Structures are given as structure tokens and as C-alpha cells.
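Given the sequences, and given the hints that come with them, work out the whole structure.
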Amino acid sequence: MTTTTGRDRTDVLIIGAGASGATAAKVLTERGCES
Amino acid sequence: MRVVALEKGPWRTKETFGGDELASINRYDLWPDPLLNPRTHRTAVDRPATTELFCPVPQMVGGGTVHWQGWLPRFTEDDFRFHTVVGDVPGASLADWPITYAELEPYYTAVEWAFGVSGKGGANRYESFRSKGYPCPPMPMSRYAEKYHAGASALGWNSFPTPQAALSQPFDGRPATVISAFAQQHGDPTGTRSSALNVFVPQAVATGRYDLRPDSYVREITADERGRAKGAVYEDADGRLHEQEADVVILACGAVETARLMLLSTSARHPHGLANENDLVGRNVTFHEFSSAVGIFDDPIYAWAGGGYVSASSFEFYGHDDSRGFAGGGHMATSGVGIPLPINWSLPDRPTWGRRPSASTERSSTTRWQHRWCCTTSPARQPRRPGRHRRRRLGTARCADHPHPSRE
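Protein chains in written order, with my numbering: chain A, 1 to 35; chain B, 1001 to 1408.
Hints in this document: simulated from the structure, not taken from any laboratory. This structure is a prediction, so every number in the text was calculated from the model and none was measured. Any given hint might turn out to be false.
Stated by the list, open to error - These stretches of chain A come out as covered by chain B in the derived footprint (C-beta under 8 angstroms, 3 or more residues):
| id | region |
| --- | --- |
| 1 | 11-18 |
| 2 | 21-28 |
Said to hold, decoys possible - Derived CB-CB ranges, DEER-like:
| id | chain 1 | residue 1 | chain 2 | residue 2 | range |
| --- | --- | --- | --- | --- | --- |
| 3 | B | GLY1227 | A | ARG7 | 18 to 24 angstroms |
| 4 | A | GLU30 | B | PRO1137 | 22 to 28 angstroms |
| 5 | A | ASP11 | B | ILE1099 | 23 to 29 angstroms |
| 6 | A | ASP11 | B | SER1267 | 18 to 24 angstroms |
Ideal Cβ positions, reconstructed from N, Cα and C, are used throughout, including at glycine.
Now the structure itself:
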């Protein structure tokens, strides 16, 4: 399997939406972050 | 800010959860099916590997908080400076944490207030300082918690209501948590338990800045020419590959899967896996482990009530004590005897067929409690590079115990 059908870019990518991933998502979407 | 999240599992709704014990415990409705997402395990490095349900945690939106009952006692100051407290232990790779309890304390408080944790600040004599009490009073006491407090008091031990990620009263626009006999190890059909699925995910979605993509299986973290993570290649539910790039990449897949993904992500700058120049990725993993004892009482304690886990705890033997001859201690707590079918049927001399198991299970869950000893230190296990993932031909996690000589 080598075909990549799409490419996208975002500010933050979180792998996982469990306890730590969802916590990071809540904080980042509500407060943002300093780059 | 735009946040994209890739989750390998599904995004389930509360309507898909319930009290089906066989589905939840025996048929991998929540936990990963070892045939589809295998992990191998060795009890020692030189022992044969077995494919098993190692460290069963739901792999879906909400993760482990989908099946948890939500005990949330804090670590203590000494947990963060364990090497300083215990000293060198031959044969162990003991180290202090790079952060202190004081640095983490505001975040403990933030999570407790975001979840609406029910507890009683100051009730645990051995707890380290806290800047704020709990947002909700303790959950209603179960009969076995009453027994536990009475027993601890008779022995002169401090005990306290176990802090719980559940609402004892309405909080922050949410109703009080429905106390169900089918809580721990089951999903929550009421949507009232405090969890990442019920609280943090909806809050992030409500901002309009959270693009959560379930059923998205990450195969590799990609790196730029400097060796810094720049994105991920993942497979969607239809088997199509995508590449998602980002300014910041956060790995939040749990101890085993995060290490596995890093080891699978090789490149010219990271020939042995992402950020693995020191060969430490996947090593020295520790889990919370527990042992338990079951007590049988003459009078009913209704162990099924409270989901088995609305509980009482003690830190009386939590801290390290050189005179005990081993490092560290543990959190003692009580719970119901567990989920009737899968667990009670595994106890010795239990009938397994016909009407007798039903009567036996009713009797057992009414008169038994379970005393649990949760250790904060445990033998290291190391996920290592694998065999092959059966569906996607990716590496599976190979986990091997390294028991310390003092345990043998």
C-alpha cells in the first residue's frame, strides 16, 4: 500500500483521542498555544 | 488555531454502550481484539511469546476513560523524587521525575475541576498539598465502603472516600452521574460519567476548531530533513492512505502504542525509530498493577451497588519504608467483587452452568467485597519491535517483563 490520496496541513496534529489526546485538544482549542 | 486528531478506533455514542458483560469482557466490544490488534507478551525476555490481550484498554475516542470507573487520587510529592527517597536499587533503573509535584499541582486541580471530581479534600492524611478542594462532595457511600472505613478505623489507619471522576451532584451544566452496577469495564449508556468521551471531546468540538477523525490508523510519523516530526501517514476506514502535515505533532497514544509508533517511524535521521538515538524508546515502561483479596461477610453488603467501585481508600502504606525490604508502597482500596459473570465464574469451585451459577452469583455479589492493593511501582516491561500486524502488515508491540530479582 503506497498510494497517498490526500495531503493536508494544520496547526496541530494529535495522534490519539483518549485521555491525554482529548485533554490536549480541549486545552489547545479553548486557549491556543504560543509558538 | 486548527487542531486535527487521528484516532485509530471508532467514535461511539452512548446508545452503543450497555451492561452486556460477555460483549464487554469476553468479546472485545471495548477492548482490542487480539486477533485484529495483537500484542505479544513474554514473562521474561528468554520466555516464549504469547499473543494475548495485554494491558486491555479501549482503543477508541475516549480511550481508557470509556471503561474506567474513574479513581483519581493524586500522586504525592515523593512519587516525583522516588530515587531521592529510595536511593540506588541494584538492578533497577530508578530515577526522579524531571518535574516536581509543585509544578504539576495546578494541572491536577484543573483536571479535577474540569471533570467535576467528587471527593473530600484533606481526608487523605498522606496527600500532598492541594491548592483547592474538590468541586463535588464524595459519591454516596456504598455498604462495602462503610465496612472499609470501620475496619480501617479499628486498626488506627487513615481512610478516605476515593476521589472519583463522577458527579455526586449537578456540576458545570451536567447532571449528576447515574450510578450503575455496570460501570467499570463497561461503556456508559447514560453519558453522565466523567470521561474524555463525555466531557473533553464535546468541549473541544464545541469550539469549532477540533477536527476529530475516528477510524484513522496512523502508520508512520514523518520527519523533515532536520529530523523533526512534520506529520503522519494514516489509513482511513476505507483503506485509503492520507498524509497530514502540521506545525506541531503530539503523540498521545498511551505508553505501548506511542512507543510502537515511534519505533515504526524510521527515517534517514532516525534509523532506529523517531527520537530513539539513545535506544530508550519503549524501555522502562511501568504500569499500575494490583493484587486483591476477596472477603465474604455474613451480612449483605450489596457489592453490586455503586458499580463495584464507589469506594474507600487508604494511603496508610503508600509511602516508602526501608524496613519493609522493598521499594515503595501502594494505594489500598475496596470495591465490589467485580462483574458477576466473567469474574465470578473464574473463582474456584463456582458452578458454571444451569440455575446454580445464577444463585451463586447473586449470593456472591451480595456478601463479598474485594480488597485491592494498587502499586505505583512495578517491574519494567518493554515494547519492542515486532512481528507483523495481521491486518495492516505493521509491527505489533512485543512486550517483555523484566522482573526485578527481589520479586523472584
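Legend entry - Pairwise beta carbon distance, B/GLY1227 to A/ARG7, judged against the given window 18 to 24 angstroms: Since B/GLY1227 and A/ARG7 have Cβ atoms about 20 angstroms apart, the given range 18 to 24 angstroms holds.
Legend entry - Outcome of range test on Cβ distance (A/ASP11, B/ILE1099; 23 to 29 angstroms): holds (26 angstroms)
Inset, instruction - Can you take a look at whether the region 11-18 of chain A is actually covered by chain B? Rule is 3+ residues, C-beta closer than 8 angstroms. - result: holds (count 8)
Inset, instruction - Closer than 8 angstroms, Cβ to Cβ, for at least three residues: run that test on the region 21-28 of chain A against chain B and report holds or violated. - result: holds (count 7)
Legend entry - Outcome of range test on Cβ distance (A/GLU30, B/PRO1137; 22 to 28 angstroms): For A/GLU30 and B/PRO1137 the Cβ distance comes to about 27 angstroms; the hint holds.
Legend entry - Verdict for A/ASP11, B/SER1267 (Cβ pair) under range 18 to 24 angstroms: Check passed, 23 angstroms falls within 18 to 24 angstroms.
The earlier numbered hints are all upheld by this structure, with none contradicted.
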